[in-house]
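Peer 1: Model the placement of chain G on the given structure of chain X, informed by the hints.
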Amino acid sequence: MKSKKLSIIKIIIFFFLIFINYNSIAKSSTYSEEQTINITKNLRCLICQGQTIHESNSDFAESMKKFIKSELENGKTNEEIFSSLVEKYGQWIVYDPGISKNTFLLWTLPLLLFLIGGAIIVKKIFKKI
Amino acid sequence: MSENQIFTDFEVVGLIEEKQINFNEVLTGKNFYLINIWSSWCEPCKDESEYLLELKNNTPVMMIGINYKDKKKNALNFLNLYGDPFDKIFIDKQGTISINFGAYGVPETFLINDDNKILKKYIGPLNDRDIYEIKKIINN
Chain X
20 MKSKKLSIIK IIIFFFLIFI NYNSIAKSST YSEEQTINIT KNLRCLICQG QTIHESNSDF
80 AESMKKFIKS ELENGKTNEE IFSSLVEKYG QWIVYDPGIS KNTFLLWTLP LLLFLIGGAI
140 IVKKIFKKI
Chain G
28 MSENQIFTDF EVVGLIEEKQ INFNEVLTGK NFYLINIWSS WCEPCKDESE YLLELKNNTP
88 VMMIGINYKD KKKNALNFLN LYGDPFDKIF IDKQGTISIN FGAYGVPETF LINDDNKILK
148 KYIGPLNDRD IYEIKKIINN
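In the order they appear, the protein sequences are chains X and G.
Under the numbering used here, the first residue of the first sequence is numbered 20, with each subsequent residue one higher.
Under the numbering used here, the first residue of the second sequence is numbered 28, with each subsequent residue one higher.
A couple of the hints might just be wrong.
DSBU-like mimics (lysine-lysine), calculated; alpha carbons at most 30 Å apart, straight line [claimed, not checked]:
id	chain 1	residue 1	chain 2	residue 2
1	X	Lys88	G	Lys115
2	G	Lys163	X	Lys85
3	G	Lys147	X	Lys107
4	G	Lys98	X	Lys88
5	G	Lys115	X	Lys120
6	X	Lys88	G	Lys99
7	G	Lys57	X	Lys88
8	X	Lys107	G	Lys46
9	G	Lys100	X	Lys88
10	X	Lys85	G	Lys115
11	G	Lys163	G	Lys148
12	G	Lys57	X	Lys29
13	G	Lys144	X	Lys147
14	G	Lys162	G	Lys57
15	G	Lys144	X	Lys120
16	G	Lys144	X	Lys85
17	G	Lys100	X	Lys60
18	G	Lys148	X	Lys120
19	G	Lys163	X	Lys107
20	G	Lys99	X	Lys85
Okay, the calculated bits of chain G under chain X, using three or more residues with CB under 8 Å as the criterion [unchecked claim]:
id	region
21	113 to 125
22	128 to 135
Take a look, some chain X residues computed to stay more than 12 Å from chain G by CB distance [to be verified]:
id	residue
23	Ile30
24	Phe33
25	Phe35
26	Leu36
27	Ser51
28	Ile66
29	Ser89
30	Asn97
31	Ser103
32	Thr122
33	Trp126
34	Pro129
35	Ile135
36	Ile144
Rather than coming from a laboratory, the hints here were simulated on the basis of the structure.
All residues carry an ideal CB built from backbone N, CA and C; glycine is no exception.
Excised from the complex, chain X in its bound form:
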């Protein structure tokens, strides 16, 4: 009788351990460490000098790393995390600002200058010919 009880307890513990293991695997598989690193490498540490969140060990950077991990655990995408942080801290927090209303000139001006410069050069060459 005693050994029967013991084996039932063993079975319960066995299934409990499987359940815990399954949960931790399921949780960890929702995002990778590489994904966290990719995000933190594109974020500026706002209280440090020239460091990314990934490089910095400051209090702010450590909090930010934990925040990003919890957001990823909650199923947020990289874009959602970036846009929520830009809303909170401004465009300055991201190294790669992306094309938006505010950064449109930043992205298009070099191309525009290149085209205008090229047009001037071509015009001059044709004039000589």
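Peer 2: Showing chain G alone in chain X's frame:
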């Protein structure tokens, strides 16, 4: 989320009762809320306690404290020593709640209205001029 609006849809845990609550539920019934991020290990936080008590005693603002990366025992000792200006205090053990507010560290203070809009953000300890400004906004 519109510009200057604080993100409030997240869970917080009380410092004293240790009860979990959605932060949205905290922001009810008042026209103005002052969120102060503080810690017992933060030296400038000691300097600003008198200013927070001044606001608590002389304005109708709801004072909300966010205890940042602290130990409960130390936080309670701090409040005993320098006075407790808060109506509600929540803990931020990981520093992630402060990130939700768009904060950089301690001390930091946000004055928000009943639409959860940030009216003023003060990085660093409050001073006479800040208190004058906060009172002016609340009384207008």
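Peer 1: Among the hints numbered above, which are violated by the structure, and what are their numbers in rising order?
Peer 2: Violated hints (numbers, rising): 2, 5, 7, 12, 13, 17, 28, 29, 31; every other hint is consistent with the structure.
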